[in-house]
Amino acid sequence: MASFMEMALAQARAARERGEVPIGCVIVRDGAVLAGAGNRTLADRDPTAHAELVAIRQAAAVLGTERLTECDLYVTLEPCAMCAGAIAFARIHRLYYGAADPKGGAVESGVRFFASATCHHRPEIYGGLAEAEASRLLKSFFGARR
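Going from the sequence shown to this note's numbering is simple: count from 1 and add 46.
Simulated from the structure, these hints should not be mistaken for lab results. We put the CB at the ideal spot given by N, CA and C, even for glycine. Hints may contain errors.
[What the hints assert, rightly or not] Pairwise CB distance ranges, derived in the manner of DEER restraints:
1) Asp-76 with Gly-150: 30 to 38 Å
2) Glu-52 with Ala-163: 35 to 43 Å
3) Asp-76 with Arg-191: 36 to 44 Å
4) Ser-181 with Thr-111: 28 to 36 Å
5) Glu-63 with Lys-149: 22 to 30 Å
6) Arg-168 with Ala-107: 20 to 28 Å
7) Thr-94 with Gly-156: 15 to 23 Å
8) Val-79 with Ile-171: 16 to 24 Å
9) Pro-93 with Ser-155: 31 to 39 Å
10) His-139 with Phe-188: 25 to 33 Å
11) Tyr-172 with Gly-150: 18 to 26 Å
12) Ala-56 with Arg-191: 19 to 27 Å
13) Pro-148 with Tyr-172: 12 to 20 Å
Put together the whole structure using the sequences plus the hints.
What follows is the structure, encoded as structure tokens:
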């Protein structure tokens, strides 16, 4: 059986095939995948359709609640400030991410959203899962566009 981060990487590859930035996410509760998504900003013409937000919306619909308190989120890239905010508002229990994002990340880079005194919920954070593969996907995607 594939790991949850491998499933997120598969979502990232699917996003790449659609011409989207290859970022993927899965949300898990009690060992079962509730939602999975890749970036959809181009397809949806929606700047907020990051993989994390699409997956959070799906998981909330599946559970019938906006609070995902017993859920873990796996994403291939360190979340941006918008996604970190959504993770906090959804009350995600654990955040697992692949590659760090020194330029746009907001978890352990940039604004460090969860360290802010105004952040009302802080998930447990685990970075660097499948970091090399996540980074390779992004570098090859942007390298082909230059």
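Status of the hints after comparison with the structure:
no., hint, result
1, Asp-76 with Gly-150: 30 to 38 Å, "holds, 32 Å"
2, Glu-52 with Ala-163: 35 to 43 Å, "holds, 36 Å"
3, Asp-76 with Arg-191: 36 to 44 Å, "holds, 39 Å"
4, Ser-181 with Thr-111: 28 to 36 Å, "holds, 34 Å"
5, Glu-63 with Lys-149: 22 to 30 Å, "holds, 24 Å"
6, Arg-168 with Ala-107: 20 to 28 Å, "holds, 25 Å"
7, Thr-94 with Gly-156: 15 to 23 Å, "holds, 18 Å"
8, Val-79 with Ile-171: 16 to 24 Å, "holds, 20 Å"
9, Pro-93 with Ser-155: 31 to 39 Å, "violated, 20 Å"
10, His-139 with Phe-188: 25 to 33 Å, "holds, 32 Å"
11, Tyr-172 with Gly-150: 18 to 26 Å, "holds, 19 Å"
12, Ala-56 with Arg-191: 19 to 27 Å, "holds, 22 Å"
13, Pro-148 with Tyr-172: 12 to 20 Å, "holds, 18 Å"
In terms of the numbered hints stated before, the structure departs from hint 9 and from no other.
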